[in-house]
Amino acid sequence: GAGVSQSPSNKVTEKGKDVELRCDPISGHTALYWYRQSLGQGLEFLIYFQGNSAPDKSGLPSDRFSAERTGGSVSTLTIQRTQQEDSAVYLCASVYRGAAFFGQGTRLTVV
Amino acid sequence: KNQVEQSPQSLIILEGKNCTLQCNYTVSPFSNLRWYKQDTGRGPVSLTIMTFSENTKSNGRYTATLDADTKQSSLHITASQLSDSASYICVVGESTFGDGTTLTVKP
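Residue numbers (the working numbering), protein chains in the order written: chain L, 1 to 111; chain S, 1 to 107.
So that you can see chain S by itself, here it is in the shape it has in the complex:
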């Protein structure tokens, strides 16, 4: 069964700190992996998209990694800001979603 598992379920960090969110998947065949940020009450916004041959991609303070051998991805957020408080969703392909990690950044 195709699945995407994200950890942790929720995370609280202080402003300015770094954090890493994890995504493990068992999806086959693999096409691409995307990370989305979803603010409360808003639709998801794409942060990064990686294909099988890519192992890292950055978007500002967000850096995603992909290990296709172990079927793991991570999203690293550097120098967190209060506006980073949101749910972060890992998606493999077009229809297999993780449940998301809820990040809260506190001053």
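So that you can see chain L by itself, here it is in the shape it has in the complex:
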């Protein structure tokens, strides 16, 4: 596609449920990042994938968060047993030659 695509664009879930967020990066971009942006807050790094290397998971806030990147392309961010503090916009970015291209984000609301 022409840009980074994220789905769903909005997700409302009940506390305690699991959610899965999807990111389709730009074809050919080997680096992919997940970030979280809480209301009124800055962007928070979550996880980084680079090619076939082991991902940098240093930004994941708890073990309820995990992410995968299959075939070096599509990535999914999974949040288990969601909590209200997980409510945020989750942004995915694919990177090529130092330039990051962001998706529109998934707005997650945990009620």
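Derived by calculation from the structure, the hints in this document are not laboratory data. All figures in this text were calculated on a predicted structure; none of them were measured in a lab. Beta carbons are placed, not taken as given, at the ideal position from N, Cα and C, and that holds for glycine. It cannot be assumed that every hint is accurate.
[What the hints assert, rightly or not] In silico contact screen, one side only, chain S against chain L (beta carbon under 8 angstroms); selected entries: (1) Arg42; (2) Gly43; (3) Ser46.
Put chain S on the given structure of chain L with help from the hints.
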């Protein structure tokens, strides 16, 4: 601790005026510094990217400067337009973000 600090936190200017946003960082090692514009409800869009050896880069009415010695960067917006109203985020490397400056341009 790697940090990026932006100032001011928010800024209101009249249409047509110029403004300058500041970014100070304490990130090591330094790879690059980027400025992003984020409209409300949208993902960030890259404005400029600078490496260690670059001290200025322009993108239309946006001009970014970098002083690697003092670890400071600025984003200058010339002849502001209503559509410039957004958050402007300074990022050093891939994972150290400032909290952003919220710019409001009024007619």
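Evaluated hints:
Below 8 angstroms, beta-carbon pairs count as interface contacts, and Arg42/S has one with chain L at about 6 angstroms; its hint therefore holds. Using the Cβ-Cβ criterion of 8 angstroms, the hint placing Gly43/S at the interface with chain L is satisfied: the shortest such distance is roughly 4 angstroms. Taking 8 angstroms as the C-beta cut-off, the interface hint given for Ser46/S holds, the closest approach to chain L being about 6 angstroms.
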